[in-house]
Amino acid sequence: MTPTIATPTIVTPMAAAAAIETVIEIRNAEKTFTMHLQGGVQLPVVHGVSFEVRAGECVVLSGPSGAGKSSILKMIFGNYRCDGGIIAVRHEGAMLDIATAEPRRILDVRRSTIGYVSQFLRAVPRVPTIDVVAEPLLATGTARAVAHARAASLLRRLNIPERLWALPPSTFSGGEQQRVNIARGFISDLPILLLDEPSASLDAANREVVVDLIDEKKRAGVAMVAIVHDDDIRRRIADRVVDVTSFAVAA
Amino acid sequence: MSDARAAGRDQPLLVADGLAKAYGRLTACQDISFALYPGEVLAIVGESGSGKSTLLQLLSTQLAPSAGRVSYRMRDGVLRDLNSLGEAERRFLFRTDWGFVHQDPAQGLRMAVSAGANVGERLMAVGWTHYGRIRQSATSWLERVEIDVGRIDDAPRTYSGGMRQRLQIARNLVTEPRLVFMDEPTGGLDVSVQARLLDLVRGLVSELGLAVIVVTHDLAVARLLSHRIMVMKAGRVIETGLTDQVLDDPHQPYTQLLVSSILPA
Numbered sequence: 001m002t003p004t005i006a007t008p009t010i011v012t013p014m015a016a017a018a019a020i021e022t023v024i025e026i027r028n029a030e031k032t033f034t035m036h037l038q039g040g041v042q043l044p045v046v047h048g049v050s051f052e053v054r055a056g057e058c059v060v061l062s063g064p065s066g067a068g069k070s071s072i073l074k075m076i077f078g079n080y081r082c083d084g085g086i087i088a089v090r091h092e093g094a095m096l097d098i099a100t101a102e103p104r105r106i107l108d109v110r111r112s113t114i115g116y117v118s119q120f121l122r123a124v125p126r127v128p129t130i131d132v133v134a135e136p137l138l139a140t141g142t143a144r145a146v147a148h149a150r151a152a153s154l155l156r157r158l159n160i161p162e163r164l165w166a167l168p169p170s171t172f173s174g175g176e177q178q179r180v181n182i183a184r185g186f187i188s189d190l191p192i193l194l195l196d197e198p199s200a201s202l203d204a205a206n207r208e209v210v211v212d213l214i215d216e217k218k219r220a221g222v223a224m225v226a227i228v229h230d231d232d233i234r235r236r237i238a239d240r241v242v243d244v245t246s247f248a249v250a251a
Numbered sequence: 252m253s254d255a256r257a258a259g260r261d262q263p264l265l266v267a268d269g270l271a272k273a274y275g276r277l278t279a280c281q282d283i284s285f286a287l288y289p290g291e292v293l294a295i296v297g298e299s300g301s302g303k304s305t306l307l308q309l310l311s312t313q314l315a316p317s318a319g320r321v322s323y324r325m326r327d328g329v330l331r332d333l334n335s336l337g338e339a340e341r342r343f344l345f346r347t348d349w350g351f352v353h354q355d356p357a358q359g360l361r362m363a364v365s366a367g368a369n370v371g372e373r374l375m376a377v378g379w380t381h382y383g384r385i386r387q388s389a390t391s392w393l394e395r396v397e398i399d400v401g402r403i404d405d406a407p408r409t410y411s412g413g414m415r416q417r418l419q420i421a422r423n424l425v426t427e428p429r430l431v432f433m434d435e436p437t438g439g440l441d442v443s444v445q446a447r448l449l450d451l452v453r454g455l456v457s458e459l460g461l462a463v464i465v466v467t468h469d470l471a472v473a474r475l476l477s478h479r480i481m482v483m484k485a486g487r488v489i490e491t492g493l494t495d496q497v498l499d500d501p502h503q504p505y506t507q508l509l510v511s512s513i514l515p516a
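Chains as they are written, first to last, in this note's numbering: chain D, 1 to 251; chain E, 252 to 516.
Among the hints, a few may not be true.
Said to hold, decoys possible - Derived list of chain D stretches under chain E, where covered just means 3 residues or more per stretch with a C-beta under 8 Å from a C-beta of chain E:
1) 75–87
2) 101–115
3) 187–195
Calculated directly from the structure, the hints in this document are not laboratory data. Glycine included, every Cβ here is placed at the ideal spot set by N, Cα and C.
The following block holds chain D by itself, in its conformation from the complex (with noise of 0.2 Å):
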């Protein structure tokens, strides 16, 4: 395997000017779970939480199961409300704080700026593969013809074979599913990615499928924010390690 250091990148002025721009500075955001039905138990999940992501990094929160890594990026998501601090994305040319940001807002900010990659796909019924991997390009006004000419790319690329295109992927398997997932969140040219276990449940093959499409993005300058549990896979993608446990709330 290759460290992240060694590998060769072509860097093209555009996108080194870039990489110096931060894109998402996170400060002292907090979470905490109050469980209404539980007798108002108070969960917290993480506080303290700072980190900033630059144009075209990768940088991967580690930490055990529960630490609140995937709290972390569902808040920066707008998904998973903040309690405290500020998450601001760079949207549009200015930084915005998602955690007070007005749910249109956050809409737009979902349109153009933050795609997230999730662990699980929720698809619609009846709408076929090709148009849930098209769809956040039609979504931005791409014609359709380039939209399904770029689906069809990645799922190539990604291994789903051509008769399943037009079928709706509820009826696939797991790591199917993933894949088309993954398709859905790497076709957009988005400022930022989240990535929830891009390549958990994939074979060895398609997950260096993964690699080389995180490597793309980062040329291209997008900041990405990954959770992965596989050390090979990290070791490749990661810019930069957090440590989550550092945000962990003290019992």
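Please build the complex by placing chain E on the supplied structure of chain D, with the hints as guidance.
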């Protein structure tokens, strides 16, 4: 989407301000304020008796509020207090700019006249006179809602529940409304029929850039259709936010109870 529609996206389409409705000493709705933007789908969820259906009637001027007001941005771009509209203007809204999808299609359709006439009637109400063109538009809408065009001359009373509901949707959308109210649109349907209808509605809403206010007690419907959610209990809005935020990270005890009550599929 036309440029005019795109330009208006940053201005609210409908604004509720301090809305309340009381029946004697019984309060059905209280202190409800929100803004709905073009293209936004808002779900109002809560159990029966929470006031969600009353709220939908207040918003669509079918009930007069005891307090507060509803304003709507007319096609000329001016935000108007709906209470101040004349009868003719209100009728115009209902005929063209708004749609209303009832839980029971029999309430929104004329059951004894043909499907084609059900769709064509809305067009005639806005001044269409050319029979051929009305027929053509009705045909194309039946296709869009996946109704066999061979059934265009049949009355909806000969249709299945799912077909009736799809016909009601076609009838509502044919005049290209900007806002559609939906009251439990999948309420009386089998689960498999529900999925197909939701999928269809979801596609049409995003394609046409419609604003929708959908009342439902079914959180799965809210998740699939809506961008934002308002949770109602005892006539008040107790929690509001992005749909996935409210459903994945509910804060209020009642919302947590609703979310935890969903039976796993």
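**Asked** Okay, the stretch 187–195 of chain D and chain E, do three or more residues pass the C-beta test at under 8 Å?
**Response** violated (count 0)
**Asked** If you look at each residue in the stretch 101–115 of chain D, do at least three have a Cβ nearer than 8 Å to any Cβ of chain E?
**Response** Three-residue rule met by the stretch 101–115 of chain D, so holds; n is 4.
**Request:** Check whether three or more residues of the stretch 75–87 of chain D sit with their beta carbon closer than 8 Å to a beta carbon of chain E.
**Result:** holds (count 4)
The structure fails to meet hint 3 from the earlier list, while all remaining hints are met.
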